[in-house]
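K.L.:
Given only the sequences and the hints, what does the whole structure look like? Please build it.
4 protein chains.
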Amino acid sequence: MGGSIGVGLIGTGYMGKCHALAWNSVKAVFGDGPSVRLVSLAEVNADIARKKADEFGFEQSTGDWRELIANSDVDVVSITTPNAFHAEMAIAALEAGKHVWCEKPMAVALADAERMAAAAKASGKVAILGYNYIQNPLIRQIGALLADGAIGTVNHVRFEMDEDFMADPEALFYWKSEASSGYGALDDFGVHPLSLMHVLFGSVSKVQAHLSKPYAERPTRDGGKRAVETFDIASVLFELGEGISGVMALDRSAWGRKGRIALQIFGSKGTIVYDQERMNELQLYLTSDKPTEQGFRTILTAPQHAPYDRFIPAPGHGLGFNDLKVIECHELLRRIGGEPARVIDFDAGLRIERSVHAMAQSHQEQRWVSL
Amino acid sequence: MGGSIGVGLIGTGYMGKCHALAWNSVKAVFGDGPSVRLVSLAEVNADIARKKADEFGFEQSTGDWRELIANSDVDVVSITTPNAFHAEMAIAALEAGKHVWCEKPMAVALADAERMAAAAKASGKVAILGYNYIQNPLIRQIGALLADGAIGTVNHVRFEMDEDFMADPEALFYWKSEASSGYGALDDFGVHPLSLMHVLFGSVSKVQAHLSKPYAERPTRDGGKRAVETFDIASVLFELGEGISGVMALDRSAWGRKGRIALQIFGSKGTIVYDQERMNELQLYLTSDKPTEQGFRTILTAPQHAPYDRFIPAPGHGLGFNDLKVIECHELLRRIGGEPARVIDFDAGLRIERSVHAMAQSHQEQRWVSL
Amino acid sequence: MGGSIGVGLIGTGYMGKCHALAWNSVKAVFGDGPSVRLVSLAEVNADIARKKADEFGFEQSTGDWRELIANSDVDVVSITTPNAFHAEMAIAALEAGKHVWCEKPMAVALADAERMAAAAKASGKVAILGYNYIQNPLIRQIGALLADGAIGTVNHVRFEMDEDFMADPEALFYWKSEASSGYGALDDFGVHPLSLMHVLFGSVSKVQAHLSKPYAERPTRDGGKRAVETFDIASVLFELGEGISGVMALDRSAWGRKGRIALQIFGSKGTIVYDQERMNELQLYLTSDKPTEQGFRTILTAPQHAPYDRFIPAPGHGLGFNDLKVIECHELLRRIGGEPARVIDFDAGLRIERSVHAMAQSHQEQRWVSL
Amino acid sequence: MGGSIGVGLIGTGYMGKCHALAWNSVKAVFGDGPSVRLVSLAEVNADIARKKADEFGFEQSTGDWRELIANSDVDVVSITTPNAFHAEMAIAALEAGKHVWCEKPMAVALADAERMAAAAKASGKVAILGYNYIQNPLIRQIGALLADGAIGTVNHVRFEMDEDFMADPEALFYWKSEASSGYGALDDFGVHPLSLMHVLFGSVSKVQAHLSKPYAERPTRDGGKRAVETFDIASVLFELGEGISGVMALDRSAWGRKGRIALQIFGSKGTIVYDQERMNELQLYLTSDKPTEQGFRTILTAPQHAPYDRFIPAPGHGLGFNDLKVIECHELLRRIGGEPARVIDFDAGLRIERSVHAMAQSHQEQRWVSL
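Chains R, D, A and Y are the protein sequences, given in the same order.
With full-length UniProt numbering applied, the first sequence covers 1 to 371.
With full-length UniProt numbering applied, the second sequence covers 1 to 371.
With full-length UniProt numbering applied, the third sequence covers 1 to 371.
With full-length UniProt numbering applied, the fourth sequence covers 1 to 371.
No lab work stands behind these hints, which were simulated from the structure alone.
There could be a bad hint or two in this list.
Which copy is meant is left open, so a pair is good if it fits within one copy or across any two.
To be verified - Calculated pairs, BS3-like style, for lysine-lysine (alpha carbon to alpha carbon, straight line, at most 27 Å):
(1) K176 / K269
(2) K269 / K213
(3) K225 / K121
(4) K121 / K51
(5) K125 / K269
(6) K290 / K269
(7) K176 / K125
(8) K225 / K269
(9) K121 / K213
(10) K213 / K225
(11) K176 / K213
It should be emphasised that the depicted structure is a prediction, and the values quoted were computed from it without experimental measurement.
P.N.:
Here is the structure:
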């Protein structure tokens, strides 16, 4: 890597800012790779675009994302708009010869995700998705432990993802309860555990889901009630490729859970446990320890767990959520530079989307669905 | 309660000793109830019976359990033999006019469980099962919190039970891997979470299970291999009566888990989390707390959580596993004395057994089964 | 061990009951040792004595403890009365040729403790103190780890003991705030950490304490205020024999702490951490683990940690506070039977008392005091 | 705030990079304040300076820090060199009319710290120290809880700081074991807990310390041994202004501890517990909770805890260590802009240094020292 890369960013919400922070930090953190030139920021409201371009350090701003994509100084486009816009923007950017870094999930409709993957393939450009949780050095360490056979042959896994932003029954009905937004927790959340499964184990082969609604209706602004159309809770039985049985439980109405993504991985020689709410800790049980001294070890992220060392040379000081995006940005740059990189590209993303739709189908048809 | 009660104990293994300890302590711990007279101990090996009677403080011993049941000084019979003997012994004891305290589960075959429940009904005697986990003061506290609406309307639950006594793939094949012993984790473990569900929520209405084997075969004493017939892992989707969705995951090959029974109960106003491995701690999240101060509280068992105060007057000093059996024994005595008691009687036990068999059926037929 | 032993118990409060439970269970739990005959229970109120004798299973009761000591069927006397009575009763029992099991601390005044130790020596009988925390199988495991050099040479330790029974400033003034009861946290609590230090490391050689009062005065029943005379908080710097530096912090007004006794033991090859509030868990850090996999292990008590196996054959199911007293009772019986035993006898207890008084002196004189 | 500010950075080690990251992110994170212009980077090796300036995004680089200070485009100077250089550089920068952001501690010798404080005063410029731990939103929340009287009147505190970078007895002797580097843990670590004490409680009034060496000597490169001159362990008794007793324990040879800064704050109505190793969690015990529901709450950092919301709008997703420096940078800019700011300026820093030296004196003289 080397030289310079021109960045365009579409969207200035939570994820837009998160991308902006990553683009601002990646060179200083990693030291290698191209210099980052923040060329243009697009946001439907041109005034906000201008203000945010100033804050985030972009040279230009625009109220028209197509203008950004047409900008010849832009080499890579960060897409952080609502999911409904991903397909159109990503395809346009790819067709304009830009690399694409698109937030997850790919799209609401499977057909859109398929078009995106096809466009990526046709373009020859790099197109990846914002599955930041896979970038945690400890998730990488879990992968290394599995590859080394540290816990033997995996036979069972459990994945949970829970937050509570939909937990208040008195909160007003909003778009996340509309069917047009998707299935609910399944696509809103499920894709994250599935991205972790993807990097750690590969694809699910068979699924049986059960979706449910904690609240049948929610209040509306006019004092009435409106029926909820999406499922805030999803529970899934599944099998992974080589005979691994699994359970996945998702709940975006889970009071008290703020960013829980809990993994339990059981093998013939040990067990790995992880929870994103304590993202700097990994639990590891090994049968090779002495019988009187066996127990789950709480391993704190340390310089031995690359690329933590790029952020902090001392162990146990703690990465934050936004740091994961910086690592993701660096992996994107490596992929663009032709180096091996840990990313969920549009092909892998499409496989994740297919799993999600199979789960929804299994719920509707109350039966196991194979992939 | 008052007077004296004559006790007969069949079995001197782990649970036999646990019952013996409970019978020895119950009066001293609770102060009330009848005096306990340890009349007779039965064990197929008469020499062991004699030795254990001396250790446990029983007046007599016998190698013939029918002799114990015929003993007119015996009012209540503790049955702690392997599951295959439960039905025969319990029915004989009930027919002989004794109260029965039988270890869980009721029986391997559903038909046997049904005969046991019928015998209990016909006898008019008290017949309960050894579901000790429901006796934890903190489980009682969870029940009180639910009844008080502390966490609002429950909409989702997760139950896990994991141990690792079958986790070693090199351990010799033994009877727990034979089909004659039952389904595997489902009946060996599942009945415990189901007993907790029973006291906290009532019955499951609909189930879909997936059973799996971590190891297809296990070594035999002669250096060969034998195919495993039972399922050490079970994963279950279910619904509870009033629209509560649930997940239950069971694994008796889960390295590092020693006595985990983890509950997560999500409601419209809060969440309750519990893990039997930390049986003196309860996690409670309440939305009524101030926004800047909301978090899961770790509540230590205290005298406010009856009947902890009968064991220790100071908070946070810790009950142990065997103490739960003392509480169970006291509840049995209350039931015998005609007082309200927290027990799983043979009727409730039969409902639990039916759930287990429905889960096994749902696995075999790969479909949802209603109860 | 074998035969029969006659027990007399003085006191029916918390610790009286705890002793009674231990005497009722010890033979059933351990299987070995003499049969236990519960001969007599003494309590100043003869009616209560009679009632409690019935509950606890004693043959006789008396309102006069001297009568109990004179009883020729009594071989060993449990003394669980307030500290002020320990010396008189223990010395009388020893002089009457009884073994003595006396609750901690020995006495308020050092001179009394010295007389007790002298009486024990003169009698040739077994005289031990109720330091139950040393009986936890995990404390024994810590001792084994230290003896094996698992964490290398220890260079620093920290001990904390905190409860909150004196934490409420609105609670009425009672005897624990009177100078006649002792120094406060130092003797009320400090003796427990010191008993752990004694079995793990030996004696302290040099101390510097700072005592403080969270509340200068407390309300009295008549609506007034009374100056507090004892120190609910004590902080101590110390050195252990071989150059180990240490800190001990004690607080009986520590809101939220219910039975915390926290140990941190730092060595040249690892670290041990323990907290009595999670008495079934031991934390162990070993530098011999692989660099990417180093972390504190949470070890759950298991049958490998004797004598846990005498209570429960399955790991991780949990001992309780009262179980520690049963182990202590068994160690007492072993000592009486002439076998090696883990006890704090009156000689060791006296060394602990001397440490406490040296700490108080160091506070009063604001200087280091050597022992 | 507004306009633009020119930054000079001296040093490119761990803290140099940390400052660089903060300067790169602060405007994007907070949105307000001046635009940041990265003017010049100084590092004794001009080649490294050039390379790092490229990575960190500085316009110029220099091998001569005096040149940087003379640069008229530089408004504020970040000083991240070894402690021995702080005084000379900070004073020169202040005399040149620059604001100064200097890493902690101020200096090895108290006289140097005093000269720095005098220079700051004389200059009229902003001069602050890099005490980043005070910037954690949860430390701010602790301050708010204390100010609101949430836990009543504080009567006792305990502070611990432990890492293990000096724990290996086989590690080669290096400058941190030389007396010229300072006392050891006391100044290397102690200043951090003292900075927390400063913002939460004010100054210590009385101290008594005990310093110790886990290893008397360490190996040298030539295969020999060299006597260790510094104290890796420090234990301190102290009093805070209004009758609060305290204990501080520091250990930079504490195996397994990686970034532990543990606080326990006991009040008349509750308790606060915090550990930097879980920097996104705060433990709070309140007596105002219902008796059956009292327990330590684990509060995860959330948008309600400003300025977490500037980094992430969703709760519980986790800040990292480097984020604290961004907050510190923002507070510096606020102070420069004349707004209220949470900083340890040179005056406050000097008070911290005086505490450290008083502690060292109390150890040498084996007596209490008042401040």
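K.L.:
Each of the hints needs a verdict: does it hold here or not?
P.N.:
To see whether the hints hold, each was checked on the structure:
Within a single copy, K176 and K269 get their C-alpha atoms only as close as 42 Å, which misses the 27 Å cut-off; across copies the closest is 20 Å, which meets it. For a Cα distance limit of 27 Å, the shortest separation of K269 from K213 across copies, 15 Å, qualifies, whereas the shortest one inside one copy, 38 Å, does not. In this assembly of identical chains, the alpha carbons of K225 and K121 never lie at most 27 Å apart, being 46 Å within a copy and 49 Å across copies at closest. Taking CA atoms no more than 27 Å apart as the test, K121 paired with K51 passes in neither setting, with 36 Å inside one copy and 37 Å between copies.
Proximity of K125 and K269 under a CA criterion of 27 Å is satisfied in neither setting, with 42 Å inside one chain copy and 48 Å between copies. Proximity of K290 to K269 under the C-alpha cut-off of 27 Å is found in both arrangements, the shortest distances being 13 Å within a copy and 16 Å between copies. For the homomeric pair K176 and K125, neither the shortest alpha-carbon distance inside one copy (32 Å) nor that between copies (51 Å) is at most 27 Å. In this homomeric assembly, K225 and K269 come within 27 Å of each other (Cα to Cα) only across copies, at 19 Å, whereas the closest approach inside a single copy is 53 Å.
Proximity of K121 and K213 under a CA criterion of 27 Å is satisfied in neither setting, with 38 Å inside one chain copy and 40 Å between copies. Taking the shortest alpha-carbon separations for K213 and K225, only the intra-copy value of 15 Å comes in at or below 27 Å, while the best inter-copy value is 47 Å. Taking the shortest Cα distances, K176 and K213 sit within 27 Å of each other inside one copy (13 Å), while across copies they are farther apart (39 Å).
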